[in-house]
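S.K.: Assemble chain B onto chain A, guided by the hints.
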Amino acid sequence: MKSEVATTSTNVPALAATELDAVDQRRAMVAKQPDTCPGHEHEEPTTGGITLPDTLRNLRSATPTKKLWRSMSELSESPEFKELLDREFPKAASEWTDEVSRRNFMKIMGASLALAGVAACTRRPEEIIVPYVVPPEQVVPGRPLFFASTYTMEGLGRGIIVESHEGRPTKIEGNPDHPASLGAASTHMQASILSMYDPDRSQGLLRTGDNSTWDRFVAEVMPRIDALRATKGEGLRLLLTPSASPTLQRQLKLLASQFPSAKVHAYDPAGHAPGSAGAQAAFGQDVNTVYQLDQAKVVVSLDSNFFVDNAGSLTYAKQFINGRRVREDNHDAAKMNRLYVVESTPTITGAMADHRERVKPSQIEGFARALLAKVGGTGGDATASNIAWIDALAADLTANKGAAVVIAGEYQSAAVHALVHAINTAIGAVGKTVYYTDPVYITSGTGTIEELVTDAKAGKVKLLFILGGNPVYDTPAALQFGASLEQVDFRIRVGSYNDETSFLCHWHIPESHFLETWSDARAFDGTASIVQPLIAPLYDSKSVHQILGLLTDQRDQSDYELVRATWGAPKSTITPEAKVFENWWREALNKGVIPNTKFAAETFAIRAVPAVSTAVGGDEIVFRPDPNILDGRFANNGWLQELPKPLTKLTWDNVFFISAGKATALGIPLTDKWDDAWGYNVTVSVNGGSVTGPAWVVPGHPDDVITAFLGYGRSRAGNVGNVGVDVSKIRSIASPWMGASVDIKRADGRVRLACTQTHQLMKGAGPRDLIRVNTIEEYEQAKYGPHGPPAHHGEEKTGEASHGGEEKHGVAAAPVAGAHESHAKPLGPEYFGGTADTAMARKAVRSVALTLYNQHMPSDPPYNQTTNQWAMSIDNNACIGCNACVVACQSENNIPIVGKTEVIFGREMHWLRIDTYYGGDSVEQADGPYFQPLPCMHCEAAPCEVVCPVAATQHDDEGLNVMTYNRCVGTKYCSNNCPYKVRRFNFFRYKSDDETTKLMRNPDVSIRTRGVMEKCTYCIQRISAARIEAKKHGGDGGDGIRGGTSFGKVEGENTPLTACQQSCPTEAIVFGSLTDPSAKVVALKSEPTDYSLLADLNARPRTTYMGRFTNPNPSIGNG
Amino acid sequence: MAQIFHPSMNTVAKATIIGGVLFAVALGALGSIVDRSPYVTQQGVIRDQPIPFSHTHHVKGVGLDCRYCHTSVEDSGFAGIPSTKTCMTCHSKLYQDAPMLAPVHKSWNENKPIKWNRVHNLADYVYFDHSIHVNKGVGCNTCHGPVDEMRMTWQHSTLQMDWCLACHRDPGKFVRPKEEVFNLAYDPKKEAEKRKISVADLQASLLNDYHIRTTGHLTNCSVCHR
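Chains A and B, in that order, give the protein sequences. Position 1054, counted from 1, in the first sequence is what our numbering calls 1077; the numbers after and before it change by one each time, with no gaps. Position 143, counted from 1, in the second sequence is what our numbering calls 152; the numbers after and before it change by one each time, with no gaps.
Only chain A is shown next, with the shape it has when bound in the complex:
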């Protein structure tokens, strides 16, 4: 069968021929099989993809209740999709594709029979055991240590706590005491540990490609530096990425004093700059903007993906969701905040929006201008936007003066930022929901990379140090950075990989990872913290501080001494001041935060509203850093490559996002099925260049915009990173994040894409079985009747008749303090079911009386009184889809990556997946998507346990469904029987055997090999450790219930935290013991919005969910 993969340009690397053969061979084999399952022959088999007219036809006949669908195939209800759902796994999912002749088969079977016993007869190999010579302090073999450090995103710090086993860092978690993480950790923070252990990291200095040493480098470069001292540094240039490190600032000042004519340039490959240009336009100077979303009832985002794209995003996400949780004790709809989003490309912030409009990026300025006029600011233009609900929005903003805020996107133009600053001033947000401080970046006020290129081309640059970034790759091709480099006399590159930029430089010096060096950083609000290393540099690498130390004649100082000097370490170590400093230093390191370093709010006056930008025409293009790979820095990070992207669930590739309408116009079929996901090639021409790459239809994408992602198409990323399409050819220098007058044409060929959207489908009787979405208004009407929720306790006590939904008016309902549920109608299963009783009672109410399973469930006495009963509650309303939990689980549990081909076959190994559901009747105006994280349900009546022939998966008496890898023989019956499809099978020995990645593995979790089933274990290793600690040190009289340590430094928590729970910025996942009355999970399970998936199957899952709510503005049509 001929392959159909595109090879039209070298920018589109196709699957390797062998991989492709494997995939196509399987399809050939599959094509020979009957198309329909036995019993389904009456259904018509179809071939090819589904078309938009078919989809629309199906939609028109759909029932008026809100449809929820994971993929366009599901929406169209094509017979192929129905068959896929019935089969549960695609045809030939677990089959071997190699041709095996009968004769070979008999040979192999005979040999394995003959050798059957041999494997079992070997005995365990003899091992040696090696103690220390002098044991280091504090290290107890077998117990991890936790150290605080700081991760920098775009130079701004986020506090982390790193778990270290015998001197090796193995897991990164958020620092609860740090204002920029508050205990959470994003995908990049979690995955950065793999970057440190990456076997492709450069390990030694290179002099034009040949191995060299630091001494030789110093010998070659010092004479040049000394020569430049004579000219006061004329010709010495540094190129940095954004930094907020006080130590670096001090070093740069010292450099400026020694080399007054030297220049420092900074560039931001992932796009922070427009914000400061906007601040310049609005205030006349650079300012730092800090939001306080916990004060905000109305939040408006203009192309801002503030849930992930901002250095403060973990905090903002938490603050925002805190204002949105729907709980029994805050049931007032008026309390729930509201989010309006106007964006040019689908984002996860847009997914959470109550009202959303997707427009061309150039139209956002018009919207901002119109909004400014409508809220009463000067300089706006009320006619500049035609979005229908702008008046209602303006009314909402003015009604909530002081509790509303508008956020401008990082990638929007300076004009939009200036307008948004003006709007925030007009609605009284300044000082309440947003405040301004002095700039946190030390690189404000430095030169730009364009200036560097100009100077280089003019021959003015004699000695250039490139510290971080990868400018040859991640700048727009129009800048011609690579070409300009050739004209620099001597170029030195400090970076983690021998990449595209190193290739063009004289010297490449490996850069130490942040876990290997001392440094410091400021967070988005100015809070400073120390970057503490966890391990000595693995290779012959240097930190940026050491390079600057070389330049500023401070070579004898290590980065430890440099950082301490920045914070005031006295020269002597025996004076009283030294003692004071030492205590302060240790305290700062222990907490991970330097106290009292937050920047104070300053007042800045708005200067001018920028002039209207010239109109642009035609389709527009939006460039964004890839959600996982960013600007390419994580291209070789396998975890991030394989992490399904939040909206599209694509892996290992970048695509152009287009709308369904655009796809039809271009003649591209819509395919997103299991292993049949294709990206049809399109050629995108803009800004004088053109790029060909696969296109992908995203529901809800604006028709006249396409989205392109950076970070892919690299040539020297490492072993796994050279995939995808490089879009730098079509970016412009003046406006690197958007472009206009885009020409998009269908090109030849298509690329097979690894998309997990339709993997692991659950078959529910209806959409209500899986994800439940409703507006808060409808929910409250159903619960409390037309009069809304009752008044607060205080008023009830005075005996006033509340407006709770009692049937008879005029009858004073006897107010019982706290029992406001007596006013509420119990909701039937069509809403969120049940009464507000204890978790155990709810189980009794909900479970079906007739069951074939024995009644000795872990939730029956005596278990439920004497042991912990672990359970989890996941709030769909809080999940923003950021994927932090997925990477946290991968990091904690040694989950391997499988590569693109295997992902296409549905064999990705993530124990936790995030299902996305779109809502509504139209692919163009799809609502949401709504996110639902799915770990193992740990069903009390687990369907997987009864079918295992070797008892490898059993229930323990604490409610966990336990997996014993050494017993598993790989029948895969359990995975077949699991209705939630949460079990993952190891088809191959996916684990890598590199020496460095071995160091990264968590020794508390088994590493699984081929032929063994695995799944989420509720982090049994953490539960076990916490239980052992509790039993040893008391707690509840040593019973092991409650009491004991938690991991990281979460104060006040007595129960273990699962990795996913710990890293979630919005606390969507809550885990705990049902027998602990003070546990949060008990309270959450008694919420009326709590439900379990596929409840009619009576598996009694311990993982339950809470419904997702939207809060549309009642004065806006149909939202």
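Hints listed in this document are in silico derivations from the structure and should not be mistaken for laboratory results. Take the hints with a grain of salt, since some may be wrong.
When the alpha-carbon atoms are kept at most 20 Å apart in a straight line, the in silico EDC-like pairs for lysine to aspartate or glutamate are as follows [said to hold, decoys possible]:
| id | chain 1 | residue 1 | chain 2 | residue 2 |
| --- | --- | --- | --- | --- |
| 1 | A | Lys1055 | B | Glu189 |
| 2 | B | Lys121 | B | Asp133 |
| 3 | A | Lys752 | A | Asp766 |
| 4 | B | Lys121 | A | Glu189 |
| 5 | B | Lys121 | A | Glu150 |
| 6 | A | Lys90 | A | Glu801 |
| 7 | A | Lys1014 | B | Glu189 |
| 8 | A | Lys1021 | B | Glu189 |
| 9 | B | Lys94 | A | Glu160 |
| 10 | A | Lys485 | A | Asp461 |
| 11 | A | Lys1055 | B | Glu188 |
| 12 | B | Lys124 | A | Glu150 |
Distance windows between CB atoms, simulated [claimed, not checked]:
| id | chain 1 | residue 1 | chain 2 | residue 2 | range |
| --- | --- | --- | --- | --- | --- |
| 13 | A | Arg990 | B | Ala209 | 54 to 60 Å |
| 14 | A | Thr1032 | B | Leu174 | 53 to 59 Å |
| 15 | B | Ala213 | A | Ala601 | 57 to 63 Å |
| 16 | B | Asp210 | A | Arg990 | 34 to 40 Å |
| 17 | B | Arg127 | A | Gly505 | 52 to 58 Å |
| 18 | B | Arg127 | A | Ala601 | 42 to 48 Å |
| 19 | B | His15 | A | Thr1032 | 49 to 55 Å |
| 20 | A | Lys1021 | B | Asp44 | 28 to 34 Å |
| 21 | B | Leu36 | A | Asn234 | 55 to 61 Å |
| 22 | A | Glu1018 | B | Ile42 | 53 to 59 Å |
| 23 | A | Glu605 | B | Ala209 | 29 to 35 Å |
| 24 | A | Lys1021 | B | Leu36 | 34 to 40 Å |
| 25 | B | Asn130 | A | Asn606 | 42 to 48 Å |
Even glycine gets a Cβ: it sits at the ideal position worked out from N, Cα and C.
M.R.: Using the frame of chain A, we list chain B on its own:
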């Protein structure tokens, strides 16, 4: 037609079938015997060590407590093998010139650790935690045998799962007061006499005091296997 097979083939056929069945059974039995033999379990096998360390001398003779060397047995899953520094606390002064101790001094001087041959080795899929056992009253010699009589160290127990289960199914038989965990001469009968109760009562009271769950919790797979 001539007979192909000689009449004796009848006997041969019967014998082969019965013999085959018996052979298969014997093979199975042999396999399970071998699997429980010291060849596979390493029970009682003395392993060569770089230094012929004598527990008899150090424990019975000198009177060291187990924890002097195995320092993390109460805190960590791993009991700990003493570092060279621990040996040097005495041997920097005692037996300085003994050729038997030359590797210790070499290790100390060159800062290279001593590579012992591991005696007790569980499979990698078993996550055994010393500290919980020690804290719940399981004595050292319950599992490790009479260490004070080992001139060279060997593995006293089979360390197979059914041996672990013997206690996990009935912990009462193997629990002792926490103060006696490191007492290699502990005798439950003497302890019961001292307290003037029966051995069965002693066991019951210890289980109660130390909150050792006997409702089947200890036989959960997740207690040892992750």
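S.K.: Decide, hint by hint, whether the structure agrees.
M.R.: Outcome of the hint check:
| no. | hint | in the structure |
| --- | --- | --- |
| 1 | A:Lys1055 to B:Glu189 | holds (17 Å) |
| 2 | B:Lys121 to B:Asp133 | violated (26 Å) |
| 3 | A:Lys752 to A:Asp766 | holds (14 Å) |
| 4 | B:Lys121 to A:Glu189 | holds (17 Å) |
| 5 | B:Lys121 to A:Glu150 | holds (18 Å) |
| 6 | A:Lys90 to A:Glu801 | holds (16 Å) |
| 7 | A:Lys1014 to B:Glu189 | violated (45 Å) |
| 8 | A:Lys1021 to B:Glu189 | violated (40 Å) |
| 9 | B:Lys94 to A:Glu160 | holds (13 Å) |
| 10 | A:Lys485 to A:Asp461 | violated (34 Å) |
| 11 | A:Lys1055 to B:Glu188 | holds (14 Å) |
| 12 | B:Lys124 to A:Glu150 | holds (10 Å) |
| 13 | A:Arg990 to B:Ala209: 54 to 60 Å | violated (35 Å) |
| 14 | A:Thr1032 to B:Leu174: 53 to 59 Å | violated (25 Å) |
| 15 | B:Ala213 to A:Ala601: 57 to 63 Å | holds (60 Å) |
| 16 | B:Asp210 to A:Arg990: 34 to 40 Å | holds (38 Å) |
| 17 | B:Arg127 to A:Gly505: 52 to 58 Å | holds (55 Å) |
| 18 | B:Arg127 to A:Ala601: 42 to 48 Å | holds (46 Å) |
| 19 | B:His15 to A:Thr1032: 49 to 55 Å | holds (53 Å) |
| 20 | A:Lys1021 to B:Asp44: 28 to 34 Å | holds (30 Å) |
| 21 | B:Leu36 to A:Asn234: 55 to 61 Å | holds (58 Å) |
| 22 | A:Glu1018 to B:Ile42: 53 to 59 Å | violated (40 Å) |
| 23 | A:Glu605 to B:Ala209: 29 to 35 Å | violated (58 Å) |
| 24 | A:Lys1021 to B:Leu36: 34 to 40 Å | holds (39 Å) |
| 25 | B:Asn130 to A:Asn606: 42 to 48 Å | holds (45 Å) |
Hints 2, 7, 8, 10, 13, 14, 22 and 23, counting from the list given before, are not met by this structure.
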